[in-house]
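Line order of the protein sequences matches chains D and E.
Quick note, the first sequence lines up with residues 1 to 269 if you use our numbering.
Quick note, the second sequence lines up with residues 270 to 573 if you use our numbering.
Be careful, since some hints might not be right.
Among chain D residues calculated to face chain E with C-beta under 7 Å, some are [to be verified]: (1) Ala11; (2) Val13; (3) Gly92; (4) Thr93.
Computed list of chain E residues with no C-beta within reach of chain D, every gap over 12 Å [said to hold, decoys possible]: (5) Glu430; (6) Asp484; (7) Asp507; (8) Val522; (9) Glu542; (10) Ile544; (11) Pro546.
Since the hints were made in silico from the structure, they are not lab data.
Don't be surprised by glycine CBs; every beta carbon is placed ideally from N, CA and C.
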Amino acid sequence: MSTGIMTIGTARVGYETKGYFRSLDAVFFTFLFPLIMLGIFTAAFSSAGEIGPPGAEISVGAYYLPGMLAAGVLLSGVQNLAVDIATEKSDGTLKRLGGTPLSPVSYFLGKIGQVFVTGALQAALLLLAAATVFGIALPTDLESWLTFAWVFVLGLTASALLGIALSALPRSGKSATAVVIPIVLVLQFISGVYLQFDRLPEWMQNIASLFPLKWMAQGMRAAFLPDEFAASEMNGAWELGWVAVALLAWLVVGLIVSRVTFRWIRRDA
Amino acid sequence: MDMTRMDAAVRIRGLRKDYAGVAAVDGIDLDIAHGETFALLGPNGAGKSTTVEILEGYRLRTAGEVSVLGVDPARGGLDWKARIGIVLQSSGESGQFTVREQLRQFAGYYPRPRDVDEVIAAVGLERQAGTRIAKLSGGQRRRVDVALGIVGRPELLFLDEPTTGFDPEARREFWALIRRLKAEGTTILLTTHYLDEAAQLGDRAGVIIDGRLVDVGPVATLGGEEARVPIVRWRTGDGTQREVRTERPAELVASLRQAPETVDTGGEPVGLEVIRPSLEDIYLQLVHAASAGAAAHDDEEALA
Numbered sequence: 001m002s003t004g005i006m007t008i009g010t011a012r013v014g015y016e017t018k019g020y021f022r023s024l025d026a027v028f029f030t031f032l033f034p035l036i037m038l039g040i041f042t043a044a045f046s047s048a049g050e051i052g053p054p055g056a057e058i059s060v061g062a063y064y065l066p067g068m069l070a071a072g073v074l075l076s077g078v079q080n081l082a083v084d085i086a087t088e089k090s091d092g093t094l095k096r097l098g099g100t101p102l103s104p105v106s107y108f109l110g111k112i113g114q115v116f117v118t119g120a121l122q123a124a125l126l127l128l129a130a131a132t133v134f135g136i137a138l139p140t141d142l143e144s145w146l147t148f149a150w151v152f153v154l155g156l157t158a159s160a161l162l163g164i165a166l167s168a169l170p171r172s173g174k175s176a177t178a179v180v181i182p183i184v185l186v187l188q189f190i191s192g193v194y195l196q197f198d199r200l201p202e203w204m205q206n207i208a209s210l211f212p213l214k215w216m217a218q219g220m221r222a223a224f225l226p227d228e229f230a231a232s233e234m235n236g237a238w239e240l241g242w243v244a245v246a247l248l249a250w251l252v253v254g255l256i257v258s259r260v261t262f263r264w265i266r267r268d269a
Numbered sequence: 270m271d272m273t274r275m276d277a278a279v280r281i282r283g284l285r286k287d288y289a290g291v292a293a294v295d296g297i298d299l300d301i302a303h304g305e306t307f308a309l310l311g312p313n314g315a316g317k318s319t320t321v322e323i324l325e326g327y328r329l330r331t332a333g334e335v336s337v338l339g340v341d342p343a344r345g346g347l348d349w350k351a352r353i354g355i356v357l358q359s360s361g362e363s364g365q366f367t368v369r370e371q372l373r374q375f376a377g378y379y380p381r382p383r384d385v386d387e388v389i390a391a392v393g394l395e396r397q398a399g400t401r402i403a404k405l406s407g408g409q410r411r412r413v414d415v416a417l418g419i420v421g422r423p424e425l426l427f428l429d430e431p432t433t434g435f436d437p438e439a440r441r442e443f444w445a446l447i448r449r450l451k452a453e454g455t456t457i458l459l460t461t462h463y464l465d466e467a468a469q470l471g472d473r474a475g476v477i478i479d480g481r482l483v484d485v486g487p488v489a490t491l492g493g494e495e496a497r498v499p500i501v502r503w504r505t506g507d508g509t510q511r512e513v514r515t516e517r518p519a520e521l522v523a524s525l526r527q528a529p530e531t532v533d534t535g536g537e538p539v540g541l542e543v544i545r546p547s548l549e550d551i552y553l554q555l556v557h558a559a560s561a562g563a564a565a566h567d568d569e570e571a572l573a
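I would like the entire structure built from these sequences, with the hints used as guidance.
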């Protein structure tokens, strides 16, 4: 039986990914959004010159790249799955699946697999466009890429689980985007994606520190920005240990809430 | 029907479902045999869907015993779900997949699925097999629902108002499909608003009104003998409508020729009709009688 659950789960990754790319909303507001924002920031500040500590200046586009990668992780996990599953709950998809021998484990393997396939493609596209179109220099040392890899995997896993957890909140499929998008949008503004984090007031930085996006963005900055930039972080260091702790904590929260709240349908209704 | 099996495919005893203290299903007993096609009739809100959803495992009952293929649906696992097929009332799924993609995907969930192309042919969607479900008409989407319900080769198939939105030809084709499934031994529980559908497909039918099963039996016997007594209807000389129920309508009609009220018209009664109550007439009588009974019952309670 367990091999069946894995086989069907794997088959669902392909099915879910196909569905994702056939949905224009998902492609535009989740997949391409960070790329579009990076393009806008790069173009808007192209004449602003370089920023950063003396001796380590970089272009504005290069400064924003880690933030956009972090935003992509949040969108691909939280926004994508919260809206997707809430919609499936209200349009009858989950009810239909609940009447088949599909295991919920296979269903979630499909969803999380889809998040990883689309999230990885999104990051690859962002990095490719950064290097070729926007002329941003990417790291050349292995350590930076390893940092990127674990922040990406941990961040995306936590985001996917939080997306599943958040899908319980909207009362209908129609209200799903209205409930989910403001949450992820506010997080992007206070967590250093669109606004330079070290310029934000301390109280806002403290609030952002309660949520996972701030830590993803910090981890991505650690991977992509010159070490001299560490001095402008909250405690003057990248604090990668705390990045891991915060993301793991949110991963556990997402796992528990998903486990407790998910039902194919409400049977007591 | 497989009469050699003593156990019923569906066994219901004293089924009750309360919503906020009000009974939506109020003490139903029913057995459906293996291989039988059973049609459940009743007005909207009478408790049909609630009953069926309890059998499908979608809802929990308040009281009573239920066994579906030998399993309590409230505790039915994946192995049990592999043996049933469910066609729900129409849903609003986004339909980003083609008919064939969707059926392939669902076929993969079952241990012994039917051949996907055979199922597509059986529901008459060969030409639409490569079309995204979102682009299909309402009737075609309904056929996809039916295809998804049967692709797992179910022993027991639930059909909730399956032909709503079908044109007459599509309904005939659908009935032929259901007869083929029945011939393969599938047990079928059908809810419908169409009395002709129940008569065409059902070995037996049951009528649910106000959460109670008011009549069960072969479709041809619903409502009892007296409900089938022919009606003779005509108008008297002053235009009043007369209506008489009789087992001997020809005799009555003959007697009308000598009746004083037809003298003016030369022994020819005005607007003469002999009516054999249709299934629909009988069904409507049942519904009205039951609601009148319920009203009388309420009055008694109010007096007591």
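Worksheet item: What are the numbers of the hints that this structure violates, sorted from low to high?
Response: Violated hint (a single one): 2; every other hint is consistent with the structure.
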